[in-house]
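Each chain, written out:
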Amino acid sequence: MHAITIDSKYGVPTVAIHTNAFEKAVQSVTQMHGMPQARYTFVPQPVMGKTAEQLRAYVDGKSPISGRPVMQEVIEGLTRPAEGDRVKETKFERSTPRLVEAGAEENLHRLFLDNNWTDKLPIILPTEKKVAEMLAHTSRKPDEVAGHLRSNQFRQHWEFTVEKVAVNAVMAGARPEYFPVILALAASGVSARGSTTSSMAAMVVVNGPIRHEIGMNAGTGAMAPYNHANATIGRAYGLLSQNLQGGSLPGDSYMGSQGNGYAYSSVTFAENEERSPWTPFHVQHGFKPDR
Amino acid sequence: MLIGSHRGGLQNGKRSSGKSRSERWGGNKITVMNPVGYPPKITPKPMAPRLESLDGKTLYLVDPRFDDSGLFLRQVQDWFADHMPSVTTKFVEMSSVYTKDDPKTWEMIKANGDGAIIGVGH
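Note that the protein sequences, when read in sequence, are chains V and B. For the first sequence, counting from 1, position 220 maps to 219 in numbering that gives the first Met the number 0; every step adds exactly one. For the second sequence, counting from 1, position 66 maps to 65 in numbering that gives the first Met the number 0; every step adds exactly one.
Chain V extracted, bound-state conformation (with noise of 0.2 Å):
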């Protein structure tokens, strides 16, 4: 991303050197970007914990994705000139349509399983009906822009309306009770499936009157798998932010070098206003502890 910047809007040609795992990485974050056709090669990895010796070893040696040699790939990207090179199409119109194309329930499984818009944990499909109950618990308009995600800083953000996010809130399992605070979580602008090698998890502490109007656990359990809107809404809030930031693929938009389990729920429960020793959280923002 850096490279690209220095490129384009300072006028100093720039190649860029990546480890090989982030081929795909690169190829897509050049795309949304507009520089499909940026400079640059690989090294192996890691870099990180390698002597001198070795990663000298890594200049001196070839591209593991092209193999070519890694400082030919360096002097070509500064000196070969830009037309006709690697430029592709890029999108410049919303193209995601609102319904997927009819099915049997079978095929439409296996259609989300396959466009990676699941958990990989079976899902709810979500039908108009069932998406219209969802969105009979909220007074914004279905087409309103409710937020955008973004997967890390070095992508752009994608833009989803309320719908969308119901969309999602049904295919977690959420009960339409519990839109309102789907729909806040994808609204926060934080994504619950960010991209970084250090493997993070997002979680969810919900405050205020509807921890108890829909039945959220604050209590013994409550950050584990025994209650049904912790789950389905923490379930709800990864579903939506994979899918409506344009995807979060290992490899390609997510980098995370183990990954992390606590991604399944998001760690969502309820603050225990009524027990904690904290100040609750509205109170800290400035609410009125009886609001």
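Incorrect hints may have been included.
Chain V side only, calculated, beta carbon under 7 Å to chain B, not exhaustive [claimed, not checked]:
{"#": "1", "residue": "L77"}
{"#": "2", "residue": "W116"}
{"#": "3", "residue": "K163"}
If you are wondering where the hints come from, they were derived from the structure by calculation, not from laboratory data. Quick reminder that beta carbons are idealized off the backbone N, C-alpha and C, glycines included.
We have chain V; now place chain B onto it with these hints.
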């Protein structure tokens, strides 16, 4: 598995309607909604003109401050000294963490350099 469907019960692999699972799945199409958001509009960016040659040029080696990326770039610097001594290389660290833009450093490179090499992490 018919997830989310509660119509009828299973009897010997068939529902009370008498249809088999494959008959139900193959015969009745349903319409569902697409869960994917809207991609950003992409504005193509121009590349800087490339250099005719590196002879006598100054290249900045930009360290994004990943672990050991500086050590790696020092090897690149040594490679130029060994193989292309007419090239001047200058090593520079980004001002902050790699996630932040660094316009001051980019301005400095633009003012004093002919090209840049940035890398590498992990």
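Inset, instruction - Using 7 Å as the Cβ threshold, decide whether V:L77 counts as touching chain B. - result: holds (5 Å)
Inset, instruction - Let me know if the C-beta of V:W116 comes in closer than 7 Å to any C-beta of chain B, holds or violated. - result: Since chain B brings a Cβ to about 5 Å from V:W116, closer than 7 Å, the hint holds.
Legend entry - Cut-off 7 Å, beta-carbon criterion: hint that V:K163 touches chain B: With a minimum Cβ separation of about 6 Å from chain B (threshold 7 Å), the hint on V:K163 holds.
Every hint, counting from the list given before, is met by this structure.
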